[in-house]
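Starting from the known structure of chain A, arrange chains B and C on it as the hints suggest.
Now for the letters of each chain:
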Amino acid sequence: MDLSELERDNTGRCRLSSPVPAVCHKEPCVLGVDEAGRGPVLGPMVYAICYCPLSRLAKLKALKVADSKTLSESERERLFAKMKEDRDFVGWALDVLSPNLISTSMLGRVKYNLNSLSHDTAAGLVQYALDQGVKVTQVFVDTVGMPEKYQERLQQHFPGIEVTVKAKADALYPVVSAASICAKVARDQAVKNWQFVETLQDLDADYGSGYPNDPKTKAWLKKHVDPVFGFPQFVRFSWRTAQSILEKEAEGVTWEDSSTEDQEVPKRITSYFCPEGPRPRLPHRYFQERGLESATTL
Amino acid sequence: MAAGEDCGDGHQARQYVFLLPGKHGRRVEAGVGVVHRARAQGTALSGGERAEQPEGPRLWQPGAPPSDYLKDASKKMESGLMFVKLVNPCSGEGAIYLFDMCLQQLFEIKVFKEKHHSWFINQSVQSEGHLHFATPMDPLFLVLHYLTKADKEGKFQPLDQVVVDDLFPNCILLLKLPDLEKLLRHVTEEKEIDSKKYYKYSKEKTLKWLEKKVNQTMAALKINKINVGARVQSAAFCSADQVSSDEEEDYIRYAHGLISDYIPKELSDDLSKHLKLPEPPASLPKPPSKKIKLSDEPVEAKEDYTKFNTKDLKTEKKNSKMTAAQKALAKVDKSGMKSIDSFFGAKSKKKI
Amino acid sequence: MDSGDEEASEKYRIHLRPATLRDAVPATLHLLPCEVLADRPAPVGRFFTPAIRQRPGALEVSFRGRILRGEEVVVPPSLAGYVMVMDEKAEVLAGLGKKQESRGSEKGDGEEEPQPLERDFDRFIRATASFARFHLWGLETVPGPDAKVRGALTWPSLAAAIHTQVPED
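Residue numbers (the numbering used here), protein chains in the order written: chain A, 1 to 298; chain B, 299 to 650; chain C, 651 to 819.
For reference, chain A alone in the conformation it holds in the complex (with noise of 0.2 angstroms):
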């Protein structure tokens, strides 16, 4: 798979596809949805469509694709070769949410959950086949949690196409299947190759699974934490893990947006206030406005 593109610039979110099968133009579609890196501490999340016409449907079957999870690496490596191969009925597109996406679309003044974030690239990704002109008909989702709510969601989106969505979809449909190992293959290739954007010293490359609760990730987020700057970009801050390492291991950093009553009203205020107390001049408006105030210390 060329990751290029995203390797050029891995700070947003990157959308790769293949050329749409000329037979995806003429003949109604089933599409299938998936995910893969959703849970992991370090790494892209990537996103993921299959699609191939319903007359084509069985061939896809007869590939075996299976639900990535259930796969090696090197299966999952040569089922996607395949499909490669089947380029004339079957089309794919991804898109890749670097971990620094998901961090501060997580930790934004406006928070943005991980849900409604998958939700909306999925439903964009629905959205980009289409623009392409895919003829989509069925569309089959993926879903960790409450499926009902998402598929209600998706079908008021795309009011024409009869959406599924349904935990375990990756075992019980091809296509969504045929997603995952596209969006499996992708989050591997990506993370063997991540490029870091700073510059780390003795960089350990074995960060185990990226899954919060493996030793090996935990043990290499405690030795590239920097007091400072906290982690590189290719963690995600939002987790809880690297919140809890960088409350013991890094210097502490207050937002505006940083929730503490009290920072509201400071004491001198409150005195102005005060009529029958003796009124402090405060400085010009020109100054307050402007942040200046005369230096006492230096």
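Hints should not be assumed to be uniformly reliable.
Pairwise CB distance ranges (calculated) [unchecked claim]:
no.	chain 1	residue 1	chain 2	residue 2	range
1	B	Val462	C	Ser807	52 to 60 angstroms
2	A	Thr254	B	Lys480	48 to 56 angstroms
3	C	Glu738	B	Ala517	42 to 50 angstroms
4	B	Lys520	A	Lys111	58 to 66 angstroms
5	C	Asp796	A	Tyr211	43 to 51 angstroms
6	C	Gln815	B	Glu487	13 to 21 angstroms
Dumping the calculated SDA-like pairs for lysine to any residue here, alpha-carbon to alpha-carbon at most 20 angstroms [unchecked claim]:
no.	chain 1	residue 1	chain 2	residue 2
7	B	Lys411	C	Val735
8	B	Lys411	A	Arg281
9	A	Lys223	B	Lys506
10	B	Lys498	B	Val462
11	A	Lys111	C	Arg719
12	B	Lys510	C	Val735
13	B	Lys413	C	Leu803
14	B	Lys520	C	Arg696
15	A	Lys222	C	Arg696
16	B	Lys523	C	Pro795
17	C	Lys661	B	Lys520
18	A	Lys111	C	Glu790
19	C	Lys798	B	His414
20	C	Lys798	A	Ile245
21	B	Lys520	C	Leu808
22	C	Lys661	B	Asp458
23	C	Lys798	B	Asn522
24	C	Lys661	B	Arg483
25	B	Lys411	C	Pro795
26	B	Lys506	C	Thr814
27	B	Lys523	A	Glu289
If you only want the chain A side, here are some residues facing chain C, beta carbon under 10 angstroms, derived [said to hold, decoys possible]:
no.	residue
28	Ala62
29	Ser103
30	Ser105
31	Trp255
32	Phe287
It should be emphasised that the hints constitute simulated quantities derived from the structure, not laboratory data. Positions of the beta carbon are idealized from the N, C-alpha and C atoms, including for glycine.
Below, chains B and C without anything else, positioned relative to chain A:
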């Protein structure tokens, strides 16, 4: 946090970020330079160009007579610039000033402070994102503080008996400023006995001097397009031709407010009368509520918030109730304050 | 003056070593929209600088998992930026010998100098770097023209007007 404390060498001395009058100022030598006069001649001061220059007499420039330079250097090289704590003539408390004994100039130090800022300075972090400004200051404001205090004795005195301060003994440095005698004419009556000069504070002269200060400040406010109106405006939407005669009073009041930051309260009040400014609305016991922004009534631009500041507006929640004084004020028609009246009027109507 | 001896701070003078102003080499400064609760070395060049991206209309970087959008602020040409640090007491003592030498050489020139500008209990500050521009960062949004610090930068020109000598009658 813990990691920082663990490694003792991780911490470093506090770094101060300063803006000093730059080399353009120095060239003119109009009292805004901050460097040794002998060295300022013909040499730019930015680091890069001069980094290779070695220390000491080799810095001498061909244009300057060597004997003068050395004499100058030996005396002043290490002591030309110094920060000292002096009285802040507005608050009466201590504040930092910078003296340049070579250019014989006083500077005031203001600090930009805003919450939640830090600096990255090269390969380091400085926790407080402060920015210090050193700007030339008229030393007369400081001397005036002592003159008004001494005036209670009502007699002519030599300056070195006036500028005396146990708390801020460095005030004697003011006496070293060469132009001071000339400046004192603006604010004192003067007598010369046996070639020694004696001074007595003159309120009349001072008010005239301050009026000139207000005028030149007003001119600068206009040139710099400072928003002196009440409305909180975006700098991006501040248009040049907003100045109308209506706003003239806003400018006077604003300039008066700025000058007041350098003089005692009583003198500020006297200056206000001298300038025939209407009673400032700051006599209100409490500033207006932030909720005004949500009101259906349009907020007029003519309101004067000189004494209401943004902090007040932000910390308003507690003060949304009208006091008796505010209600009384709402009924009184004071010229120049109409919009304030209508503003409180509108609020009280809603309450009742 | 933050060293605890508050009382003395009213008395002592902090001498700015003039040579350090000339020798100060340019530094890179970033003003961040958060407070890092530490004064310490930080690998800015390894973590921060390489992560800055030029996006349409703004620079973009992230810090601690949050997005910062920024712009370059050029210090008004009439001003010169310096970073300064206070000398440690030990450094002051080291410089003392030199100072006394120079004071000794003064005695001969016949000028009266009853009180030296430098006293033994004074402190010293020196410039460690200079700057003519810095990066100003906002949390998620570009600080823009309404940033307080932009307003603060207009102060020197207004100060000049306030403090310039008044015209004679």
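Hints that the structure is at odds with (numbers, increasing): 1, 4, 9, 12, 14, 17, 20, 24, 28
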